[in-house]
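Chemist: Construct the entire structure; sequences and hints are all you get.
One gets my numbering by counting positions in the sequence shown from 1 and adding 1 to each.
Hints were generated in silico from the structure; no laboratory data involved.
Don't take each hint at face value.
Using 27 Å as the maximum straight-line C-alpha spacing, the simulated DSS-like pairs for lysine-lysine come out as follows [to be verified]:
id: 1; residue 1: 76; residue 2: 125
id: 2; residue 1: 76; residue 2: 94
id: 3; residue 1: 76; residue 2: 49
id: 4; residue 1: 124; residue 2: 141
id: 5; residue 1: 249; residue 2: 200
id: 6; residue 1: 112; residue 2: 141
id: 7; residue 1: 451; residue 2: 141
id: 8; residue 1: 94; residue 2: 112
id: 9; residue 1: 44; residue 2: 110
id: 10; residue 1: 110; residue 2: 124
id: 11; residue 1: 76; residue 2: 110
id: 12; residue 1: 451; residue 2: 112
id: 13; residue 1: 110; residue 2: 451
id: 14; residue 1: 73; residue 2: 124
id: 15; residue 1: 110; residue 2: 94
id: 16; residue 1: 124; residue 2: 94
id: 17; residue 1: 44; residue 2: 76
id: 18; residue 1: 44; residue 2: 73
id: 19; residue 1: 112; residue 2: 125
id: 20; residue 1: 110; residue 2: 141
id: 21; residue 1: 73; residue 2: 49
id: 22; residue 1: 73; residue 2: 112
id: 23; residue 1: 112; residue 2: 76
id: 24; residue 1: 94; residue 2: 49
id: 25; residue 1: 112; residue 2: 124
id: 26; residue 1: 451; residue 2: 94
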Amino acid sequence: MLLDERYLLLHERFGVGTELGVPVEVTLYELADALYCTTRNAKLILRKLESEHLIEWLPGLGRGNRSRIVFKADKEAYLIEYSQHLVEQGDYKRAFDLIGGFGNGTFAKPKFLEWLDNHFGYKKGEEGGLDDTLIFPVLKSPQTLDPADLMYSFDSHLIRQIFDRLLRFEEQTGTIAPMIAHTWSSNDSATEWTFYLRKGVRFHNGQELTSRDVQYTLERLQAGTANNWLMRGVECVETIGPRVLRVKLNQPNRIFDRFMCSAAASILPYGFAGLDEDSYWGHPLGTGPFRLVTWTSGRIEMAAFDAYFQGRPYLDGVDIVIMPEDCSTEIDGMAKVHHSLDTMRMDRHTPEESWQEIEKLCQGCTLLTWNVSHEGVQQSEAFRRAVRMILHPGEMVAELGGERALPAFGFRPDASRSHAVEPMRPDRVRRALDESGYNGEVLRFAFHQKYGEDGMWVVNRLAAWGIQTETLDYDQWPESDLVISGLVFPEDEVCEIEAYAHRDCVMQTYLDGERMEWITGRIDAAVAAETTDQRRMFLKEIEEHLRDEATVIFLHHRRLSTYLHPSVRGVSLNQLGWIDFKDVWLEQA
Numbered sequence: 002m003l004l005d006e007r008y009l010l011l012h013e014r015f016g017v018g019t020e021l022g023v024p025v026e027v028t029l030y031e032l033a034d035a036l037y038c039t040t041r042n043a044k045l046i047l048r049k050l051e052s053e054h055l056i057e058w059l060p061g062l063g064r065g066n067r068s069r070i071v072f073k074a075d076k077e078a079y080l081i082e083y084s085q086h087l088v089e090q091g092d093y094k095r096a097f098d099l100i101g102g103f104g105n106g107t108f109a110k111p112k113f114l115e116w117l118d119n120h121f122g123y124k125k126g127e128e129g130g131l132d133d134t135l136i137f138p139v140l141k142s143p144q145t146l147d148p149a150d151l152m153y154s155f156d157s158h159l160i161r162q163i164f165d166r167l168l169r170f171e172e173q174t175g176t177i178a179p180m181i182a183h184t185w186s187s188n189d190s191a192t193e194w195t196f197y198l199r200k201g202v203r204f205h206n207g208q209e210l211t212s213r214d215v216q217y218t219l220e221r222l223q224a225g226t227a228n229n230w231l232m233r234g235v236e237c238v239e240t241i242g243p244r245v246l247r248v249k250l251n252q253p254n255r256i257f258d259r260f261m262c263s264a265a266a267s268i269l270p271y272g273f274a275g276l277d278e279d280s281y282w283g284h285p286l287g288t289g290p291f292r293l294v295t296w297t298s299g300r301i302e303m304a305a306f307d308a309y310f311q312g313r314p315y316l317d318g319v320d321i322v323i324m325p326e327d328c329s330t331e332i333d334g335m336a337k338v339h340h341s342l343d344t345m346r347m348d349r350h351t352p353e354e355s356w357q358e359i360e361k362l363c364q365g366c367t368l369l370t371w372n373v374s375h376e377g378v379q380q381s382e383a384f385r386r387a388v389r390m391i392l393h394p395g396e397m398v399a400e401l402g403g404e405r406a407l408p409a410f411g412f413r414p415d416a417s418r419s420h421a422v423e424p425m426r427p428d429r430v431r432r433a434l435d436e437s438g439y440n441g442e443v444l445r446f447a448f449h450q451k452y453g454e455d456g457m458w459v460v461n462r463l464a465a466w467g468i469q470t471e472t473l474d475y476d477q478w479p480e481s482d483l484v485i486s487g488l489v490f491p492e493d494e495v496c497e498i499e500a501y502a503h504r505d506c507v508m509q510t511y512l513d514g515e516r517m518e519w520i521t522g523r524i525d526a527a528v529a530a531e532t533t534d535q536r537r538m539f540l541k542e543i544e545e546h547l548r549d550e551a552t553v554i555f556l557h558h559r560r561l562s563t564y565l566h567p568s569v570r571g572v573s574l575n576q577l578g579w580i581d582f583k584d585v586w587l588e589q590a
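Modeler: Set out below in structure tokens:
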């Protein structure tokens with residue numbers, strides 16, 4: 002424990018309710034107990050605190066004379082100042098811990114967060130300096146930086162900064178572009194794909210990437226990982242020289258090149274670059290535009306990779322601050338870059354009028370999924386249809402508003418726009434409930450706190466029709482009867498397939514074996530299809546089947562937004578709702 006924290010600890014224990022400069026009677030034994038040390042060490046600490054002019058120690062001399070301590074620094078002001086110092090040193094977690102631990106009974110927390118408002122954003126280096134940095138907060142730490150296990154959009158975005166893929170999907174044109182592979186080809190039956198790698202692509206440790214690294218990555222991806230669906234049908238991965246790789250499949254996949262655009266197929270160094278696996282994932286090495294500097298429970302720091310093969314980023318660094326969950330209501334207008342997909346703040350405030358607001362409609366949706374692999378009233382299609390009618394997406398959007406931009410009637414907003422919105426028919430709801438035989442069974446309903454407003458809206462709507470729910474923490478979703486989740490499709494068809502095929506996704510857990518077997522057959526037909534229209538037909542068949550039998554209930558499409566200082570250039574929102582850090586630059590003042 003540092004000296005500053007010891008002062009706060011003593012003030013918390015003995016100085017509450019006492020004015021500064023007023024002596025407080027206390028024994029050396031009481032001080033030692035508060036400091037968790039011996040009386041000898043307590044004396045040393047008191048001397049240090051006195052030398053910093055934080056206290057005055059008045060030892061009681063003679064029988065009956067008690068010792069006294071005088072506190073000289075206001076607790077609130079000192080706590081704020083010390084927490085600010087920790088932030089400037091990059092130790093955000095300790096700053097938040099101190100504010101949370103010693104801020105009770107003061108205004109330290111709101112004052113500190115107000116100060117933090119000005120700390121976040123784009124920090125331009127001093128004249129001639131090279132430290133242009135983006136600093137911004139998020140409300141959750143990444144679950145993983147291992148591409149093979151990734152599932153969430155925040156993790157995917159970070160992985161795209163640290164690693165690269167063989168190919169890149171261009172969302173603006175809907176085409177596939179070279180990345181690590183400068184060109185590629187397939188045979189007529191799409192069962193053999195050959196990739197030709199660029200020269201001079203280097204990992205962050207300086208090692209040049211070769212076909213052996215790609216082979217290692219793809220074989221590891223295939224070996225029982227959460228994203229091994231990307232390698233479905235692959236028989237073998239062969240290296241043909243240091244910069245040529247061939248993948249052979251036992252069934253056609255005409256969009257295997259699209260699969261290789263997935264962040265889950267990001268390329269790792271062979272054998273974790275000679276490190277054991279735990280050490281490697283503590284500080285992973287990729288070939289991406291940024292290298293990882295620090296990853297702690299309170300902070301992720303990345304620095305520009307000077308030797309990046311597609312050109313060095315303009316930013317010198319990115320500093321991501323992981324905020325405590327109890328700060329979620331205080332950061333609505335704080336971040337100079339506000340990432341709505343992560344924070345899910347529906348009641349955000351608008352920053353200064355001069356700032357740029359960038360908005361984008363999320364390619365994906367928020368939806369409810371029924372656990373039809375469990376016994377219960379949800380096995381009744383009539384009951385599921387009744388609930389779908391009760392949870393009218395148009396009424397949800399109208400009542401809750403915020404970033405809920407559009408009622409959802411399918412995965413994608415374009416299809417939902419053209420869908421006719423019909424009013425709820427109470428008579429149809431009653432008939433469906435009667436047909437289902439619902440008899441007051443309690444539904445176990447799980448949702449993450451970021452979907453809290455949606456979840457409570459669902460609970461209240463169902464209660465109005467006499468349908469009882471028990472709300473569960475999100476981590477209990479595998480045992481629940483229904484769950485709210487969000488799907489994001491940054492790469493269109495491939496991400497739609499992922500929603501069914503990812504090992505840890507909701508549908509893999511909630512849908513029974515017969516449904517999943519049918520879905521897998523439709524996916525195999527889709528990837529073997531020769532045209533985009535044919536492929537869309539097979540995938541649309543899955544979507545419509547799940548919707549028609551009300552196994553899923555579509556709720557809404559979300560609007561993603563980011564606020565930026567006027568000096569920031571080169572910014573756009575990608576389909577994950579994040580800005581691409583590599584192309585951001587700061588206009589000279």
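Chemist: The structure should be examined with respect to each hint, and the outcome stated for every one.
Modeler: Status of the hints after comparison with the structure:
This hinted pair does not check out: residue 76 and residue 125 have alpha carbons roughly 33 Å apart, beyond 27 Å. With a CA separation close to 20 Å, the supplied pair residue 76 and residue 94 stays within the 27 Å bound. For a cut-off of 27 Å, the pair hint linking residue 76 to residue 49 stands: about 18 Å separates their Cα positions. For the hint pairing residue 124 with residue 141, the CA-to-CA distance comes to about 23 Å; that is within 27 Å, so the pair holds.
Distance check on the hinted pair: residue 249 and residue 200 sit about 24 Å apart at the alpha-carbon level, within 27 Å; holds. Restraint check: the Cα-Cα separation between residue 112 and residue 141 comes to about 22 Å, which is no more than 27 Å; the hinted pair holds. Straight-line distance between C-alpha atoms of residue 451 and residue 141 comes to about 11 Å, which keeps the hinted pair within the 27 Å bound. Of the pairs offered as hints, the one joining residue 94 and residue 112 holds, with about 17 Å between alpha carbons and a cut-off of 27 Å not exceeded.
Using a Cα cut-off of 27 Å, the hinted pair residue 44 and residue 110 is violated, with the two alpha carbons roughly 32 Å apart. At most 27 Å may separate the alpha-carbon atoms for a hinted pair to count; residue 110 and residue 124 meet this at roughly 23 Å. Straight-line distance between C-alpha atoms of residue 76 and residue 110 comes to about 12 Å, which keeps the hinted pair within the 27 Å bound. The straight-line distance between the Cα atoms of residue 451 and residue 112 is roughly 25 Å, inside the 27 Å bound, and the hint therefore holds.
A C-alpha spacing of about 22 Å is found between residue 110 and residue 451, which places the hinted pair at or below 27 Å, so the restraint holds. For a cut-off of 27 Å, the pair hint linking residue 73 to residue 124 is broken: about 35 Å separates their Cα positions. Taking the CA atoms of residue 110 and residue 94, the gap is near 14 Å; set against the 27 Å cutoff, the hint holds. Taking the CA atoms of residue 124 and residue 94, the gap is near 20 Å; set against the 27 Å cutoff, the hint holds.
A threshold of 27 Å between alpha carbons decides the hint, and for residue 44 with residue 76 the separation of about 21 Å falls inside it, so the pair holds. The suggested pairing of residue 44 with residue 73 holds, with an alpha-carbon distance near 18 Å, which does not exceed 27 Å. Between the alpha carbons of residue 112 and residue 125 the distance comes to roughly 24 Å, so the proposed pair stays at or under 27 Å and holds. Distance hint between residue 110 and residue 141 is fulfilled; the C-alpha atoms sit about 19 Å from each other, no more than 27 Å.
Using a Cα cut-off of 27 Å, the hinted pair residue 73 and residue 49 holds, with the two alpha carbons roughly 14 Å apart. A distance of roughly 21 Å separates the Cα atoms of residue 73 and residue 112; the hinted pair therefore holds under the 27 Å criterion. Between residue 112 and residue 76 the alpha-carbon distance is near 13 Å, which keeps this suggested pair within the 27 Å criterion. For the hint linking residue 94 to residue 49, the alpha-carbon distance of about 25 Å falls within 27 Å, and the restraint holds.
About 21 Å separates the Cα atoms of residue 112 and residue 124, which keeps this hinted pair within 27 Å; it holds. Simply put, residue 451 and residue 94 have alpha-carbon atoms about 22 Å apart, close enough for the 27 Å limit, and the pair holds.
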